[in-house]
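J.: Residue-level listing of the chains:
Protein chains: 2
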Amino acid sequence: MDEKNFDEISQEIIALLDAKKYMYARDKILGLQEVDMAEALEEVIERLGIEYAVILFRMLPKDVSAEVFSYLPTDDQLAVINVITDKEIKYIIDELDFDDMIDVLEELPANIVDKILEKSTKEERKQINTFLNYPDDSAGSLMTPDYISLQKDWTVGDALAHIKRVGMDSETVYTCYVKDRGRKLIGIVSLRTLVVSDADRPLADIINEDVICTNVYADQENVSEMFKKYGYLAIPVVDNEMRLVGIITVDDIFGVIEEEYNEDFERMAGVLDSSDAEYLDIGVFKHVRNRLPWLALLMVSAMLTGGIIRSFETLLSSVISLAVYLPMLMGTGGNSGSQSATLIIRGMAVGDIEMRDALRVFWKELRVSFTVGLMLSALNMVKILFLDREDIWVAATVCISMVVIVTMAKCIGGMLPMLAKRVGIDPALMAAPMISSLTDLVSCLTYFTLASVVLRL
Amino acid sequence: MDEKNFDEISQEIIALLDAKKYMYARDKILGLQEVDMAEALEEVIERLGIEYAVILFRMLPKDVSAEVFSYLPTDDQLAVINVITDKEIKYIIDELDFDDMIDVLEELPANIVDKILEKSTKEERKQINTFLNYPDDSAGSLMTPDYISLQKDWTVGDALAHIKRVGMDSETVYTCYVKDRGRKLIGIVSLRTLVVSDADRPLADIINEDVICTNVYADQENVSEMFKKYGYLAIPVVDNEMRLVGIITVDDIFGVIEEEYNEDFERMAGVLDSSDAEYLDIGVFKHVRNRLPWLALLMVSAMLTGGIIRSFETLLSSVISLAVYLPMLMGTGGNSGSQSATLIIRGMAVGDIEMRDALRVFWKELRVSFTVGLMLSALNMVKILFLDREDIWVAATVCISMVVIVTMAKCIGGMLPMLAKRVGIDPALMAAPMISSLTDLVSCLTYFTLASVVLRL
Chain A
1 MDEKNFDEIS QEIIALLDAK KYMYARDKIL GLQEVDMAEA LEEVIERLGI
51 EYAVILFRML PKDVSAEVFS YLPTDDQLAV INVITDKEIK YIIDELDFDD
101 MIDVLEELPA NIVDKILEKS TKEERKQINT FLNYPDDSAG SLMTPDYISL
151 QKDWTVGDAL AHIKRVGMDS ETVYTCYVKD RGRKLIGIVS LRTLVVSDAD
201 RPLADIINED VICTNVYADQ ENVSEMFKKY GYLAIPVVDN EMRLVGIITV
251 DDIFGVIEEE YNEDFERMAG VLDSSDAEYL DIGVFKHVRN RLPWLALLMV
301 SAMLTGGIIR SFETLLSSVI SLAVYLPMLM GTGGNSGSQS ATLIIRGMAV
351 GDIEMRDALR VFWKELRVSF TVGLMLSALN MVKILFLDRE DIWVAATVCI
401 SMVVIVTMAK CIGGMLPMLA KRVGIDPALM AAPMISSLTD LVSCLTYFTL
451 ASVVLRL
Chain B
1 MDEKNFDEIS QEIIALLDAK KYMYARDKIL GLQEVDMAEA LEEVIERLGI
51 EYAVILFRML PKDVSAEVFS YLPTDDQLAV INVITDKEIK YIIDELDFDD
101 MIDVLEELPA NIVDKILEKS TKEERKQINT FLNYPDDSAG SLMTPDYISL
151 QKDWTVGDAL AHIKRVGMDS ETVYTCYVKD RGRKLIGIVS LRTLVVSDAD
201 RPLADIINED VICTNVYADQ ENVSEMFKKY GYLAIPVVDN EMRLVGIITV
251 DDIFGVIEEE YNEDFERMAG VLDSSDAEYL DIGVFKHVRN RLPWLALLMV
301 SAMLTGGIIR SFETLLSSVI SLAVYLPMLM GTGGNSGSQS ATLIIRGMAV
351 GDIEMRDALR VFWKELRVSF TVGLMLSALN MVKILFLDRE DIWVAATVCI
401 SMVVIVTMAK CIGGMLPMLA KRVGIDPALM AAPMISSLTD LVSCLTYFTL
451 ASVVLRL
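For the record, the sequence lines run as chains A and B. Okay, so the first sequence: first residue is 1 according to our numbering, each after it adds one. Okay, so the second sequence: first residue is 1 according to our numbering, each after it adds one.
Read the hints as simulated data drawn from the structure, not as lab findings. Given the structure is predicted, the values throughout are model-derived calculations rather than measurements. Treat the hints with care, as some may be off.
Copies of the same chain look alike in the list, so a pair counts if it fits in one copy or across any two.
Lysine-lysine pairs mimicking DSSO-like chemistry, simulated, CA-CA at most 27 Å apart [what the hints assert, rightly or not]: (1) 228 / 421; (2) 28 / 229; (3) 62 / 20; (4) 126 / 90.
Make the full structure from the sequences, and use the hints.
T.: Right under this line is the structure:
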């Protein structure tokens with residue numbers, strides 16, 4: 001089913017609900033995958049209001065409704081919870097996968113969480129509280145305790161019988177975990193290996209003891225790097241004593257990757273991390289707070305550029321047309337530097353460029369920038385002489401400045417992210433805003449210094 | 001094993017090879033996972049040269065060496081192929097997973113590919129050629145034909161016996177595909193369902209016929225969106241007649257996601273798509289070609305800004321200190337606009353912001369920018385009056401301009417990506433370089449117009 005198809009179906013559902021043909025709307029939505037049902041419900045909430053959405057939501061089969069709920073965005077989950085009964089809330093929470101349940105509980109107001117936990121056993125409450133306490137960006141916050149655990153002294157047949165008994169409640173059955181008496185992880189065995197092995201073979205023969213695992217407090221970025229590198233479907237999570245506490249499955253990693261990339265995009269635009277809240281959900285003052293610090297800092301740098309101009313005021317007032325070419329030189333310098341910075345920042349992020357490549361990067365940027373600078377200069381020479389009909393010496397000043405500025409800008413853009421990494425600053429901060437502020441300074445200084453030499457003033 | 005640990009081991013391997021203690025080096029590298037072995041080999045190639053790497057490579061067990069080979073970057077694969085014998089090449093190619101083999105063949109020179117294909121059967125050659133011909137960014141280029149295919153009239157027991165027979169050669173056994181006589185895909189069944197079902201149950205009872213699949217010519221970006229959305233481990237690929245031609249597994253999607261993000265990063269920095277080549281592997285002239293077009297285009301826009309300054313030359317020459325504040329106003333305008341543009345571009349990319357949110361975005365940017373503008377103005381007022389000791393009217397001009405410029409810049413930055421999407425241009429092109437060039441124009445015009453009004457010249 002493609003996007004267009006889905007849009008049509010969700011329009012039909014809205015029309016049916018609006019016409020109070022609830023049963024037809026229900027039949028329509030049940031033809032979708034759960035994640036698409038959630039998207040359709042979102043549309044209903046937005047277009048018709050939460051009441052209509054809850055009518056439809058209540059008509060879904062119970063187990064489907066819990067899964068659909070887990071795919072709703074947080075604000076819509078809260079809206080639904082505010083309308084349905086406590087009993088219904090409890091039912092949804094019970095039906096959710098453990099890790100989805102934790103995600104939901106984290107977002108709910110404390111009084112509702114308490115009400116839900118009241119009905120759980122003491123053991124459950126303890127486990128839930130442990131999971132709720134893992135830091136936001138840790139492996140612990142991503143994991144689920146619903147995995148298949150096997151005994152070392154079993155046979156393949158025992159293992160398969162065990163999976164048959166408990167398999168449907170686990171998040172994944174495709175990697176099974178073998179623990180010793182002290183809950184220490186001693187190896188893994190894949191369902192593929194179990195299925196192709198003879199039933200009476202001892203598990204000990206086929207266990208893979210060379211296990212890649214992660215610590216419960218590891219940064220989620222490291223976890224997603226492991227998934228990318230090894231291509232596994234699940235990675236076990238252990239505590240500091242190497243005891244298995246949960247697993248992370250590959251489907252939960254896509255969200256992490258998206259979050260990490262967005263963080264980079266925002267840093268590269270001089271916006272403070274907006275955590276993972278949606279743009280429209282963030283209030284005006286939070287937006288102001290996220291953007292003001294960098295703008296103010298860069299403004300100070302731009303004031304220095306102004307200071308340079310002030311020191312050349314006499315020169316400028318005698319050749320006022322110098323000011324005409326200043327925006328072009330500063331703009332081109334900034335853009336040149338930003339291009340290089342982005343390529344280097346990304347190259348380092350994906351591991352194509354290492355610190356030891358610094359000299360090679362410098363040499364490449366030097367040649368690229370000199371070529372680019374010469375070509376842009378040639379364009380300018382023609383324009384200034386024949387279109388603007390300026391003095392040859394002004395043209396010469398602008399063109400020589402262009403080559404020098406582009407070359408310096410690209411070398412600064414290429415080197416600064418590497419320097420930042422060296423001293424432990426996130427290279428992503430050395431992107432467009434920072435680089436163009438710095439190159440503005442350099443551009444102004446270069447231009448006016450060259451002008452005072454060339455124009456012999 | 002963490003990064004630090006790996007670095008140590010690869011240093012040890014290099015030291016051992018350098019001391020010609022090959023067997024020790026071999027034992028050391030065999031303690032690693034295959035993907036880490038490949039990384040260690042890369043280091044060896046870089047530090048000691050290809051000859052040492054090939055000595056080590058040849059000492060690996062045959063099946064391991066093929067997998068390690070598949071993880072090497074393309075240029076290192078070519079380096080290895082140039083040194084080893086044709087027989088060894090043929091062996092590696094045969095051992096590779098089908099999709100990895102296609103990836104390798106695509107990069108090899110035609111004469112080597114011909115030599116390899118010579119020894120294949122006619123049937124194999126035909127299939128390889130079909131796969132080699134799928135467009136670079138299509139689902140077809142990502143898929144593998146190594147999947148488990150089942151017959152509808154089998155029982156669960158038959159299916160499991162079949163998997164036991166052929167399972168080890170498939171890329172994944174966790175989703176099995178059921179086809180009719182005409183090779184049309186009619187449903188899927190997961191290994192989990194097979195394992196928890198009774199052996200004599202007919203497959204027809206447990207097949208899921210509601211299959212999400214993709215066309216062989218679908219864009220890889222759409223395929224990665226499907227994986228993100230549905231969280232599946234594999235997605236079947238069909239041709240235009242709905243015949244199953246292959247499957248794409250989740251581990252091949254991480255590379256696609258990275259490629260797509262990097263494309264966005266590059267577009268947002270005004271760099272043309274560098275395909276998926278590494279920065280250092282791209283030649284100087286290719287780099288120039290990738291960067292020059294946007295720089296030249298934006299330079300023309302900056303020339304227009306210069307034109308505005310020229311038209312205010314008289315004003316500028318009578319109040320020369322106006323020039324001092326120009327870089328700060330243009331810089332802050334550009335940075336403000338870029339912040340907004342990035343947030344909107346990313347918000348649209350991840351689906352948080354839809355076209356119908358345009359008014360809400362505008363309203364939010366208006367309030368945020370007005371607040372930010374006022375605060376930056378206040379800072380400037382103090383600085384200009386007390387530090388620069390400028391005329392109150394110059395200070396007023398700069399401060400009013402600041403509020404107007406930041407507000408306009410943020411609204412342009414917020415709206416332009418949405419407008420681009422509306423008319424079918426990639427919103428990512430409306431990022432820092434483009435936005436700051438446009439805001440430079442607007443900033444200059446605003447500043448000088450306000451100056452001529454306020455200073456009554």
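J.: Evaluate each hint against the coordinates.
T.: Cross-check of the supplied hints:
no.: 1; hint: 228 / 421; result: within (22 Å within a copy, 31 Å between copies)
no.: 2; hint: 28 / 229; result: between (41 Å within a copy, 20 Å between copies)
no.: 3; hint: 62 / 20; result: within (22 Å within a copy, 67 Å between copies)
no.: 4; hint: 126 / 90; result: within (17 Å within a copy, 58 Å between copies)
Checked against the numbered hints above, the structure violates none of them.
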